[in-house]
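4 protein chains.
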Amino acid sequence: MRHAIDKLFSNIVDRKNADPSVSYTAKLLDGGTNVIAQKVGEEAVETIIEAVSGSQDSLIHESADLLYHLMVLWADADINLQSIWDELDRRSGRSGIQEKANRL
Amino acid sequence: MRHAIDKLFSNIVDRKNADPSVSYTAKLLDGGTNVIAQKVGEEAVETIIEAVSGSQDSLIHESADLLYHLMVLWADADINLQSIWDELDRRSGRSGIQEKANRL
Amino acid sequence: MRHAIDKLFSNIVDRKNADPSVSYTAKLLDGGTNVIAQKVGEEAVETIIEAVSGSQDSLIHESADLLYHLMVLWADADINLQSIWDELDRRSGRSGIQEKANRL
Amino acid sequence: MRHAIDKLFSNIVDRKNADPSVSYTAKLLDGGTNVIAQKVGEEAVETIIEAVSGSQDSLIHESADLLYHLMVLWADADINLQSIWDELDRRSGRSGIQEKANRL
Numbered sequence: 001m002r003h004a005i006d007k008l009f010s011n012i013v014d015r016k017n018a019d020p021s022v023s024y025t026a027k028l029l030d031g032g033t034n035v036i037a038q039k040v041g042e043e044a045v046e047t048i049i050e051a052v053s054g055s056q057d058s059l060i061h062e063s064a065d066l067l068y069h070l071m072v073l074w075a076d077a078d079i080n081l082q083s084i085w086d087e088l089d090r091r092s093g094r095s096g097i098q099e100k101a102n103r104l
Numbered sequence: 001m002r003h004a005i006d007k008l009f010s011n012i013v014d015r016k017n018a019d020p021s022v023s024y025t026a027k028l029l030d031g032g033t034n035v036i037a038q039k040v041g042e043e044a045v046e047t048i049i050e051a052v053s054g055s056q057d058s059l060i061h062e063s064a065d066l067l068y069h070l071m072v073l074w075a076d077a078d079i080n081l082q083s084i085w086d087e088l089d090r091r092s093g094r095s096g097i098q099e100k101a102n103r104l
Numbered sequence: 001m002r003h004a005i006d007k008l009f010s011n012i013v014d015r016k017n018a019d020p021s022v023s024y025t026a027k028l029l030d031g032g033t034n035v036i037a038q039k040v041g042e043e044a045v046e047t048i049i050e051a052v053s054g055s056q057d058s059l060i061h062e063s064a065d066l067l068y069h070l071m072v073l074w075a076d077a078d079i080n081l082q083s084i085w086d087e088l089d090r091r092s093g094r095s096g097i098q099e100k101a102n103r104l
Numbered sequence: 001m002r003h004a005i006d007k008l009f010s011n012i013v014d015r016k017n018a019d020p021s022v023s024y025t026a027k028l029l030d031g032g033t034n035v036i037a038q039k040v041g042e043e044a045v046e047t048i049i050e051a052v053s054g055s056q057d058s059l060i061h062e063s064a065d066l067l068y069h070l071m072v073l074w075a076d077a078d079i080n081l082q083s084i085w086d087e088l089d090r091r092s093g094r095s096g097i098q099e100k101a102n103r104l
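Line order of the protein sequences matches chains A, B, C and D. Residue 1 is where the first sequence starts when you use the working numbering, and the numbers rise one by one after that. Residue 1 is where the second sequence starts when you use the working numbering, and the numbers rise one by one after that. Residue 1 is where the third sequence starts when you use the working numbering, and the numbers rise one by one after that. Residue 1 is where the fourth sequence starts when you use the working numbering, and the numbers rise one by one after that.
Simulated from the structure, these hints should not be mistaken for lab results. Treat each hint with caution, since some may be false.
[As the list claims (entries may be wrong)] Quick list of in silico lysine-lysine cross-link-like pairs, DSS-like style, CA-CA up to 25 Å:
#1 B:K16 x B:K27
#2 A:K7 x B:K16
#3 C:K7 x C:K27
#4 D:K27 x D:K16
#5 B:K7 x B:K27
#6 C:K7 x D:K7
[Unchecked claim] Cβ-Cβ distance ranges computed for the label pairs, FRET-style:
#7 B:S58 x D:R90: 35 to 41 Å
#8 B:G31 x D:G93: 42 to 48 Å
#9 C:G31 x B:S83: 26 to 32 Å
#10 B:D14 x D:S55: 32 to 38 Å
#11 A:N17 x D:D78: 40 to 46 Å
#12 A:R90 x D:G31: 24 to 30 Å
#13 B:D30 x A:N80: 43 to 49 Å
Where is the CB? At the ideal position from N, CA and C, for every residue including glycine.
Here chain A stands alone, though its shape is the one from the complex (with noise of 0.2 Å):
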């Protein structure tokens, strides 16, 4: 079974052709690079403040908004999301020296 992440990144890739005047996700990606990249400055600062004064429930809404709004920008960029998925692998595979060495 395909995970959650994965699935919801193919949705916006699929949307690229989609009518911007029906797909969110379609406008979105029709309005460009900037257009994308300030949404998702204003989800990190909802996260932020859900985070610092909010309930746990609005900190996961705001965070599923963070995500979906950071793959519309991958799939602006022509990002392989293997290659996202790699760089994770890395951070989990430092041991808790190199971790504090590479500062993660």
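Knowing the structure of chain A, use the given hints to seat chains B, C and D on it.
Showing chains B, C and D alone in chain A's frame:
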């Protein structure tokens, strides 16, 4: 096989009991919500700047940093990872028209 | 003659008692700290994007938007404007070496 | 007497020719637009976090840090400070109804 993002989150949660002087993740978790939220904001800004004026490689790298710190924020808030994936599934399930009505 | 930034702050403070259905400033103040902070974040992101990839004119425009919303945040927190200027004066007074020691 | 904010901006512009190993401002300017924009983003995030969950004193301190780094961004872009104040004057001049129409 476990997904890279689930594996990294498990590693982050495991570090909750690690020594902050050895593990960067433990140090972040020890610093508290505001410190972690600040880092999420910094990585979001770096991601935005790379998207707008950088290379695909640097966007991948900064995106992975953002995801990692976002997951530390989730670990700090005791979020069940499945609740994030359920939220993403709801977004995947929306048709184009529902998508527009929900602004997603 | 009063400085433009002091004059705008006075106008913002005056709007605390204005009708939120007529005054955008009153509506913001009525929305509360989290809403205003969110707007400061959005304008900061726009300023960053214009600085990195836009024109001088758009940077001026977004910077003014950021200043305006930052001042609404100060009004919301009942900050005495002079305390901000005193803080800037402390930064001006630092010599190069003190500047470095203070990271400013 | 000169306003604190005009004085600080003059000091920042003067540092354009200073030694980056002695002056933090010169070092920032030497680092280039993306580095300065990144700092503006970091200080904006700190300001937001303090507004939402901190004290008035820490909000004043972070706001001054944000203003300082924003002015370094203006110096980097060779912005004439008066053009910012003219923009603020335009916002001050708007009546409540114009304000709403202009979303300011």
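Evaluation of the provided hints:
Between K16 of chain B and K27 of chain B, the direct Cα distance comes to roughly 9 Å. Compliance with the 25 Å bound is thereby established for this hinted pair. Among the hinted pairs, K7 of chain A with K16 of chain B is inconsistent with the structure: their alpha-carbon atoms are about 30 Å apart, more than 25 Å. About 20 Å separates the Cα atoms of K7 of chain C and K27 of chain C, which keeps this hinted pair within 25 Å; it holds. Between K27 of chain D and K16 of chain D the CA atoms are separated by roughly 9 Å; this keeps the pair inside 25 Å, and the hint holds.
At most 25 Å may separate the alpha-carbon atoms for a hinted pair to count; K7 of chain B and K27 of chain B meet this at roughly 20 Å. At most 25 Å may separate the alpha-carbon atoms for a hinted pair to count; K7 of chain C and K7 of chain D meet this at roughly 18 Å. The given range of 35 to 41 Å is respected by S58 of chain B and R90 of chain D, whose C-beta atoms sit roughly 38 Å from each other. Our hint of 42 to 48 Å for G31 of chain B and G93 of chain D holds, since their Cβ atoms are close to 45 Å apart.
For G31 of chain C and S83 of chain B, the Cβ-Cβ distance of about 28 Å falls inside the hinted range of 26 to 32 Å, so the restraint holds. Distance hint for D14 of chain B and S55 of chain D: a CB-CB separation of about 35 Å, consistent with the stated range 32 to 38 Å. For N17 of chain A and D78 of chain D, the hinted distance range of 40 to 46 Å is satisfied, since their beta carbons lie about 42 Å from each other. Separated by about 27 Å at the C-beta atoms, R90 of chain A and G31 of chain D satisfy the suggested range of 24 to 30 Å.
Range check, D30 of chain B to N80 of chain A: Cβ separation about 35 Å, and the 43 to 49 Å hint is violated.
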